[in-house]
Amino acid sequence: MKFWKRNRDDEPAPVGGSPPPGETPPAEARPTQALPPETSPAAIEDSIARASAFEREFSRRQLFGLLGVAGAGAATVAAMSGCGGKAKAAEKAALDWETFFQGNYRLMTEAEKRQTVERLERRWQMDHAGRIGVSSQEAVPGVLYGYAFNVSKCQGYMDCVKACVEENNTDRDTAMQYIRIFEVEEGSGLSLHDADSHFFHEVPAAGHFYMGVQCFQCDVPPCTKVCPVGATWREPDGIVVVDYDWCIGCRYCEAACPYGARRFNWSEPSVPDDEVNRNQHYLGNRLRSKGVVEKCTFCIQRTREGRLPACAEACPTGARVFGNLLDPDSEIRWVLENKKVFRLKEELGTEPKFWYFMD
Amino acid sequence: MRPRPAIALLLLLPAWLLLAAACGPGVEAGGGHGPVWERHAGHTEAGHAEAGHGDSEGHGDSEGHGDSEGHGAVPQPVHIPAAARWIEGVETVPVALDGEDFRVAARTPHLTQAPCARCHDEDLPERAAALPEKAHWNVQAPHGAAAGLTCASCHRRDDPAVLTGPSGQEVGLDHAYRLCSDCHFQQVEDWVGGAHGKQVGAWAGERVVESCAGCHDPHDPGFPKRLPTTFAPPPEGDDER
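Chains as they are written, first to last, in numbering that gives the first Met the number 0: chain L, 0 to 358; chain S, 0 to 240.
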């Protein structure tokens, strides 16, 4: 019998590490409904059935929560025997322990989500001045976000890039940016291969136009399919998100994205305290750690509150149109129905929810 | 306590398998035909997202999806209470143009020389000696100068705060878009629809847009050449990132 199936009341939680998996527990510690010997076919079927009920019976999270309490208890005792100032260190350790073993955000209950974001807020407060607010706001029913980019309006000013970096707490050391503005030579077609995304000269340059590229929040996202751990998915409002605490950093999604929209944290991201945007969302701009993938989320922390994404708000030329695709009176729907629009690599069937148009 | 990574990994394995089973169907979205939003009408709530995809592939007709769900056939306006926060403090005036009703950010609160009576009062002649000789000397208007436009092409001579254009209509400064549309009718049409101009603050709630002069200097409406505002230039050769 697997030790995590034991009745918790029968035996105290193991302290100082888990027992070896092969060890058979003493007979009196087994639950009253003892399983038949493991070798029989019936037992195998039964154990399969139990495995499917695994999450409900005794979830991994509960188990480690229990271990965490034991660990924190031990740490607290150690702290109290030392000097009193170490109680904070013990709390930190307990919070970090819980974070390390927290479940996948997508499978969390409302209460668990709330606990998780509260833990993030508390953990920040212990190391920094001031507070952050982390939201777990769900998708608003009846909303499907869409974006349109006016190629003939963009002047290449890159105000959107600046606003995005400031809004989304992206790493300053490596100058991580979700948006690329490509300077394309007129008459060269829409090939971005020869386009320049690192220009730094007076804009708009004669004979060029500008095209912004970011995550298109594909309706059929290839990136989410390849994730081996279910750490990235499409939300009901169409935004493709990452659970940074569940991401294992394999970068399959980065390879699967045909648009180069995902970014990887090669080092611990750094954002100066006074530049941290404290209005955060668990699936959005909360602070990431080393070794995880991140991406544009249409500023989920803003848009789920009805606000425009930072890039759209910052654009001085009005080249960026954002809104609800399910609202026939929205600006985005007017653009899509009245302008000639196109999307990048449409033939791949990824159904980007990001269109380009011209006046 | 000492962590036992090997055991922790062993424990994670079944959870991974379960996750793959639980999350797998959610990312399977069929191609289908017609605009993205038609496929999603009525399928936007969690749980429907999975069921709604893929079934439009066979018959090629995606219209009417969602009707069977009993909701979403007639889209209801989304109400997000927080949306009003983002346009708080923005003074607006109502616009009714081309059958569309929305609001435009008011222009007058941002003007330093309007209304005229702010300076041009009864005492002005007395104060005049102490004032600079040319109060409006800095106003340059390259706008349409090549086509022969002058101040009087847009401002009424006896009251410059009243705008008047080729069509002869007279409008206040807050409704300058009516004047602009005398020449730039295509742009104003796009502005009314949403392809030109900017929404203010929120995508949800009441539609508030920038006025023409909110983005364009009416005397010099083109955008200037300048250096890009990069937060920090991205590293060279990272185009795969």
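Derived by calculation from the structure, the hints in this document are not laboratory data. The beta carbon of each residue, even a glycine, is placed where N, CA and C say it ideally should be. Watch out, some of these pointers could steer you wrong.
[Said to hold, decoys possible] Partial pick of chain L residues on the chain S-facing surface, computed with a CB cut under 10 Å:
1) G84
2) A86
3) R118
4) G206
5) E267
6) G305
7) S329
8) E336
9) N337
10) F356
[Unchecked claim] The calculated label-pair distances, taken between Cβ atoms and stated as ranges, are:
11) L:K289 - S:P114: 31 to 37 Å
12) S:D216 - L:R250: 55 to 61 Å
13) S:L226 - L:F341: 25 to 31 Å
14) S:D157 - L:A204: 31 to 37 Å
15) S:K224 - L:E111: 38 to 44 Å
16) S:P108 - L:D273: 38 to 44 Å
17) S:P76 - L:A255: 33 to 39 Å
18) L:G188 - S:P108: 54 to 60 Å
19) L:K289 - S:D216: 44 to 50 Å
20) L:D172 - S:P76: 39 to 45 Å
21) S:L226 - L:A128: 31 to 37 Å
22) L:K289 - S:T111: 30 to 36 Å
[What the hints assert, rightly or not] Far from chain S by the CB rule (all over 12 Å, computed), these chain L residues:
23) K85
24) L94
25) A128
26) I131
27) K161
28) V183
29) L189
30) G290
31) R301
32) T316
**Asked** Which numbered hints turn out to be false for this structure?
**Response** 1, 2, 3, 4, 5, 11, 12, 14, 15, 16, 18, 22, 27, 31 and 32
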